[in-house]
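Q: Residue numbers (the numbering used here), protein chains in the order written: chain A, 1 to 215; chain B, 1001 to 1208.
It should be emphasised that the hints constitute simulated quantities derived from the structure, not laboratory data. Treat the hints with care, as some may be off.
Unchecked claim - Some residues of chain A that are not near chain B, with every Cβ distance over 10 Å (derived): (1) Leu28; (2) Glu56; (3) Gly87; (4) Asp182.
Claimed, not checked - To be clear about the criterion: a stretch of chain A counts as covered by chain B if any three or more of its residues have a C-beta under 8 Å from a C-beta of chain B, and this derived list gives those stretches: (5) 16–24; (6) 29–35; (7) 130–138.
Said to hold, decoys possible - Derived CB-CB ranges, DEER-like: (8) Gly164/A with Met1167/B: 44 to 50 Å; (9) Leu1189/B with Thr84/A: 27 to 33 Å; (10) Glu1120/B with Asp151/A: 54 to 60 Å; (11) Glu1195/B with Leu28/A: 37 to 43 Å; (12) Leu1074/B with Ala146/A: 44 to 50 Å; (13) Thr1077/B with Gly85/A: 50 to 56 Å; (14) Trp1196/B with Thr129/A: 34 to 40 Å; (15) Val1166/B with Gly70/A: 53 to 59 Å; (16) Glu1195/B with Arg149/A: 58 to 64 Å; (17) Gly70/A with Thr1077/B: 44 to 50 Å; (18) Ala146/A with Phe1162/B: 42 to 48 Å.
For each residue, glycine too, the CB sits at the ideal point set by N, CA and C.
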Amino acid sequence: MSKAPRKGGYVSQAWLVIVLALLYGGALAGVQTTLGPRIAENKKSETYDVIPHLVEGAARAKTTERTVTGAVDGKPHPVYRAVTGDGTLCGWALPATGLGFADRIDLLIGLCADASTITGIYVLEQKETPGLGNLIGTDEFRGQFAGKRADEPIQVVTAGPVAGNEIRALTGATISCDSVADIVNATVENLREPIRQLGAQEPLEPNDVPRGRGG
Amino acid sequence: MALPGPTAAERFFNGILPENPVYRQLLGMCPTLAVTGAVKPAMTMAAATAFVLISANGIISLIRGLLRPHLRILVFTLTIAAFVTIADRALQAYMYQMSKELGPYVPLIIVNCLIISRCEICASKQNLGVALADAVGMSLGFGLALASIATVREILGSGTWFGLPVMPSGWPNWGIMVLPPGAFLTLGLLLAVAEWIGLRRQEKGTET
């Protein structure tokens, strides 16, 4: 069966799509400009809420955000300096981002005060497959990272017992699990040394003002 | 001029019960099963879907005269995606914890067949008033379905409704009801009830 030829070129055929795309793009840019700061504030607040659960003994109100330089990639990175109620350094929380199976995965990685051990991870944002990859946010999966050495890469295993710096992959979500392990390994490798040096600069610097809200 | 078709009132009422998107058309099954473990997330999903459906139906109806048949699905999808993104960002800004709880199911509204089917069946063929009445009716029907399933699951599974305790203190929560099997069981049973009601109405109509 032959089809009747469509009249006009691509632009005359698709002008409505092009106009709508531009209009919607502009509208979404406006929405992002308006709501972006509020969303960023929500995420930061959540980060401060999570740190006491990630680093044992950390007090939310005393947690401060710092920028570390001297990372392996040569770029400045924000980190959170977790201290106890009496001001003693007890660990660090590192924001980390990487690509998962479906979309970007945002993590928060907890390190002990001398950056030698991972104290835990928390999934701030992910859009992995519901029922499979999104299980990376469960306590069962995240709990595997606590106590792992920071100077060795974490390996994901799919079968057999786990030992040392190994964690077990979730069934049906190997790519998501690998992604999380890769993000953790890359971030810890990138920031471990500058954080260790930053931790040695005790006591607090004058500009190190606590930013956490509430207790 | 609008093509002949159901009136605004018919579209509105059809969406609520006679053509209920969940119980009669089996559309939007993904959120129906995934976010009905409790009433709060179910109602948030229903509200987000309503916003997208009403907005998309309105826009598509306004530009229906400009639509090219072979590009119409692309225009529907583009429009729906824009409004879903707005709903997603608004939830992240003003209901952050709920947004986290709903997770990927808000962006997944884009692929909710209910919305694209209403754009195709009604909004691309009828005027703005009818399209909006259709969207509001279908949104109410979708919300009603999500609320009924979530109510059964939350009360039996958690002993609460909208987070408030409603069952006696000794109530042993039926854990399975808040898990995925509970969603299928509840949907199946309520579908059977809806079908039974439909058949009864049909029989009554035949008798009279």
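Q: Which numbered hints are broken by the structure, listed smallest first?
A: 1, 9 and 18
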